[in-house]
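Protein chains in written order, with our numbering: chain A, 1 to 310; chain B, 1 to 507; chain C, 1 to 357.
Since the hints were made in silico from the structure, they are not lab data. For glycine and all other residues, C-beta sits at the position ideal for the given N, C-alpha and C. You may find that some hints are simply not true.
Sample of chain A residues with no beta-carbon within 10 angstroms of chain B, all distances over it, derived [unchecked claim]:
no.	residue
1	Ala12
2	Pro123
3	Leu174
4	Ser185
5	Leu189
When the alpha-carbon atoms are kept at most 30 angstroms apart in a straight line, the in silico DSS-like pairs for lysine-lysine are as follows [stated by the list, open to error]:
no.	chain 1	residue 1	chain 2	residue 2
6	C	Lys237	B	Lys339
7	C	Lys59	C	Lys237
8	B	Lys367	C	Lys237
9	B	Lys141	A	Lys301
10	C	Lys237	A	Lys301
11	C	Lys237	B	Lys369
12	B	Lys367	B	Lys339
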Amino acid sequence: MSEFLDVLGSTALYATAIRLALPILFAALGEVFAERAGLVNVGLEGMMLMGAFAGVIGAHYTGNPWLGALIGMAAAVVIAAIQAGVSINLSGDQIVVGIALNLAVLGVTSFLARAIWEGGDVPKVDGFSAFSMPLLSGIPGLGPILFKQSALIYVAIAAAVLSWWVLTRTSWGLRLRACGEDPRSADSLGIPVFAYRWKAMIICGALAGLGGVFLSLGQLFTFSDNMSGGRGFIALAVVIIARWSPLRALGAAFLFGAFEAFALRVQVTDIDVPAELMLALPYVVTLLVYAGVVGRSRPPKSLGREYSRG
Amino acid sequence: MPALVRMNGIVKKFGDFTATNNVDFEVEGGEVHALLGENGAGKTTLMNILYGLCIPDRGRIEVDGREVELNGPADAIEAGVGMVHQHPLLVDRLSVVENLFLGGVGNGTERGMREAIAEVEARFPLDVEPGALVEDLPMSKRQRIEIVRCLARGVRVLVLDEPTAVLTVDEVGDLFGEMRLLVESGHSVIFISHKLSEVSRISDRVSVLRGGRMVGTWRTGETNPGALAEAMVGEPVDPARRAGGPRAGRARLALRGCSVVDEDGQDVLQGVDLDVHEGEIVGIAGVEGNGQRPLAALTPGVQPPTRGEILLDGDRLPPVGEWRRRDVKLGRIPEDRRKEGLTLDAALWENLLTGPQCPDTGRVFSKKKMVERARVLLEEFGVSPPDPLLEAGQLSGGNQQKVIFARELWSDPGVVVAVNPTRGLDLRAQREIHERFLALRGQGVAVLVISTDLDEVTALSDRIGVLYAGRLDGPHPADEIDRKEIGLLMAGLSRQTEFDTEGGGLL
Amino acid sequence: MRRALTGRGDTVMLIVRTAAALVGAALVGAIFLLSDGVDLIFAFEEILNQSVGSSFAIKNSLIDAVPITLVGLGVAVAFRAGIFNLGGEGQIYMGALAAVLVVLNLSGLPGPLLILLGLAAGMVGGGLWGGIAGGLRSRLGLSEIITTIMLNFIAFWIVSYLVRGPIQDPGGAGYPYTEEIPAKAELPVIGGMIPFGAILLVVAAAVVWVLLERTRMGISIKSLGAGEAAGRFAGLKVERTGFNVLLIAGLLGGLAGAASLLGNEGRLSDFFSPGWGFIGVMTALIGRGTAVGTLVAGLMIGFLTSGISGAQSAAGIPTATAQILLGVFVLFLIIVNTDIVVRHLRRAAFSLRRAER
């Protein structure tokens, strides 16, 4: 019992939680934009994976993790563009496209990894290692949690706040939300629904790609097959749990990260709980919270519904 | 006063259907001008043309003396014409302020919007929480927001499309007060309606459209409801022959005191009592939006009544999901054949198998047998081509309707309920469907037809009821009620409305 | 509103499409093979050989095809209702788990009975997993896309835990797998060429076909997939149908797991399924959600993967390149099948016409 409390009290737990939550947070933020505009993006997983892969490629060939991150985001945006083109302009089934893109990205990344490197052994690259912020990391308690992270955490928090501000406080965000609630009214008000949905999807791709970049460049510093591990789908649940709010997504992603971190840390201690069952915990929790929240959260009214003029 | 809006020779066709046929229409400045007519008369089309939502095939439009070309609402607003729809085009989940902003009020800045609104509110108070979500507001307030939105953008002519349909009695009074205010400040209001009482109350002049033609324009004070009703419904195009009188037997379908309250809390159907007997056709007339939909949803047990009960042969009608199990024989012809009636992607034989009226096929069926049965059925009902393997979406509207009939009548139900059965069909298909109804009647089936097409109702029915504002008047035996009386009822007045003998006559 | 695959698409086109993907993959793959210094002709010959060239080869190909196609059939049934079962992986694991538990614990029973019980248990296990997702969907409205994926992970970790502890092979030197199943519980191979699993597969495909094409339930499923409105009007119990298809999908996924366990793997470990669940999704997509299409697609993919892995050692193809070949094939398969979504162009045009009225 006291060991549990020890774990719960350790700053390392929360620091790890944040680290684990970041990729999901980025993906969830991107998805918030897409869903607020009325699009369901099941291909989130594929975008993350593509970001992870292209990020490593970029970091490897340029030697600079920031450039690698940009390349990763760009690659994910390409995937997002395909999703956007097919589901918006061609009125394709949003979900089928997403599933197909996931499968395709899985195949392409595995294949390219082997094509470029012998046996698919992707070398380690310079990534976003954690660093201690001077002074601030000395703050007892919060210090090591918040200020001994890699640079991307600050990007993440900034992204969440910026997303919230854009969506709720700008006229651009207002119009985007109108597209997701009532595209017919929005159209009659002169809002170009297609254009806004495209932009939302591109933003989603960029953010999801960044999340993937963090998976590879921020944690493992390399790429391995299917390293996104279903996080794209967890991000989908996070968006619902967060009730489509970027700020609440911070909390929901952190929740998931915390459970994952807890499971990992418990393995290191003497606590006699089977590691694997603990690793299942984050998924169980996600399911439970999803079930608990679903009655009370209202998605954008036209989410997932095609819109075509006439 | 000189004409503020002048429309000349407006012609608009949709395929074979002529919505407006050489219509002339004028609105003076500072007046409330009512546009009266039944469904399909062309009122909405005409106003959509004025608002730029629809491009006429021929004709010209002048606003304030200048000819204008309206290619969209933006052009119309610029020309000074604004429109408030029955269900305001606002984004429900956003706030009032956000909607106004999206509506282009002000010059794109928040301050500009506030100033524009303030200016309007000086003469026309909005009286609403700016931060309130539109979906929490009653319809009357939503309409006001749209009106303010139009005014803030400088329109001079406001078109109100059947605004009172979604308002309570008090709210109607408020709306009329607002209309007076608008007119006093020099605006004009075009008031689309089918409700004579309101038209008499608020309008200065009234124009009547029928079948796409402008019948006439009168000063409201110089005419009377009876004449207007007659102008509205006119004479039937093709008086149908009905064989003899009804030989009505016992009541098969009975509605007792049925009321329906919709999700907004509105009473959409109130205390409806209705009997449909063996071997008779009961027709329910009325302008769309007066309760037809809820009534149509009641009878198949899709939507149970909030109060009251529905009896089929004396037993309560179970929900439609249990019909197959309980062997309920009620055939339904739905309003929307494409969405509710058929699965367009499925083959005809598969469509025929959907629905509780299809006789039992057992767990696993043989396709050959089913296809054969389907073919026989399709031929019997005159579906062309009677190929059971065709997809439903490949048939013409008339044939699709026949397939629905075939499916619903397969097990020889004793009661049939149909809603707008010939909407969108050409004359020949209409006639075939009508003949089928008469045949059913001859076989002793109890038939209920709910239709917004008055010609159809008068052609088919042994007894006629009229729906207005959720209440049913009648049904009365068809030979005891004439067309004009039906028109009065459809427009909300009683049959006994006295003629104002001082009025009458065309302008 | 989601649109389901309406099953419009004929087998000929399916074969043509898959063949085209094959050709494309072969061309691209040739580039890699050449750079590996592999004799191209020999390599392709060997791939062919290893996939259909002998009864041994055919047996292996079928063994590879069975799990992906069984899962695919389940996914296909759900697709027709417009429901997306991404939980194949989890259902496979739960099915295999149930089967291995039954077989190892009732090992005193005669062989055929063991097999029967094992397969049945597999269906129950997978059915349970599918049913959970179905129940969550019909009772709480939770999207099956999210729930089935979550359940995948949960199933994986449950199995992972169990094979490291409670059901670990005591004589297995600490490796994370169970004991081997007794030889009498193994699925037989008919004539040295047809694994019993393949027979199960054909039977399953037939059952699914009959379900979709010749029963009322099939019509209900397809109505649901075509749009709820007509279904509701006709009294279709929407929630019940949704639950049913997920249950059926789970049953088939569990059967896939059990059949693989009893027919090939012999023991349960936590790397039991190399992504069968997702390949199954692909076979259903390619097969347009029809029983026949899914069967054909699954067989083709199974034969190809078997051929490639078989040819690896024989023709000196490095493992990595073999993976590349497969990956490219998958990619091309998706590309040649994009008309699943682009087909909706016709639908969009259809609605434009309607709008003019």
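- Item | Interface exclusion of leucine 189 (chain A) relative to chain B, criterion Cβ beyond 10 angstroms | Nearest chain B Cβ is 5 angstroms from leucine 189 (chain A), so the label is violated.
- Query: Quick one, are lysine 367 (chain B) and lysine 339 (chain B) close enough, alpha carbons at most 30 angstroms?
  - Reply: holds, 25 angstroms
- Verify the proposed pairing of lysine 237 (chain C) with lysine 301 (chain A), using a straight-line Cα cut of 30 angstroms. holds, 24 angstroms
- Assess, step by step, whether the Cα of lysine 367 (chain B) is no farther than 30 angstroms from the Cα of lysine 237 (chain C), and give holds or violated. Cα-Cα ~24 angstroms, so holds.
- Query: Quick one, are lysine 237 (chain C) and lysine 369 (chain B) close enough, alpha carbons at most 30 angstroms?
  - Reply: With Cα atoms ~26 angstroms apart, lysine 237 (chain C) and lysine 369 (chain B) stay inside 30 angstroms; holds.
- Has the given pair, lysine 141 (chain B) with lysine 301 (chain A), been kept, meaning a C-alpha gap of at most 30 angstroms? OK: lysine 141 (chain B) and lysine 301 (chain A) at ~21 angstroms, within 30 angstroms.
- Task: Would you check whether the claim that alanine 12 (chain A) is not at the interface survives, using Cβ distances to chain B and the 10 angstroms cut-off?
- Result: holds, 42 angstroms
- Query: CA of lysine 237 (chain C) to CA of lysine 339 (chain B), is that 30 angstroms or under?
  - Reply: holds, 17 angstroms
- Status of the stated non-contact between proline 123 (chain A) and chain B (beta carbon gap over 10 angstroms): holds, 50 angstroms
- Task: Say whether it holds or is violated: leucine 174 (chain A) keeps its Cβ farther than 10 angstroms from all Cβ of chain B.
- Result: At roughly 6 angstroms from the nearest Cβ of chain B, leucine 174 (chain A) sits no farther out than 10 angstroms, so the non-interface label is violated.
- Does lysine 237 (chain C) lie within 30 angstroms of lysine 59 (chain C) when you go C-alpha to C-alpha? violated, 43 angstroms
- Query: Does serine 185 (chain A) really sit off the interface, with its C-beta more than 10 angstroms from all C-beta atoms of chain B?
  - Reply: violated, 4 angstroms
Violated hints, in rising order: 3, 4, 5, 7; the structure is consistent with all others.
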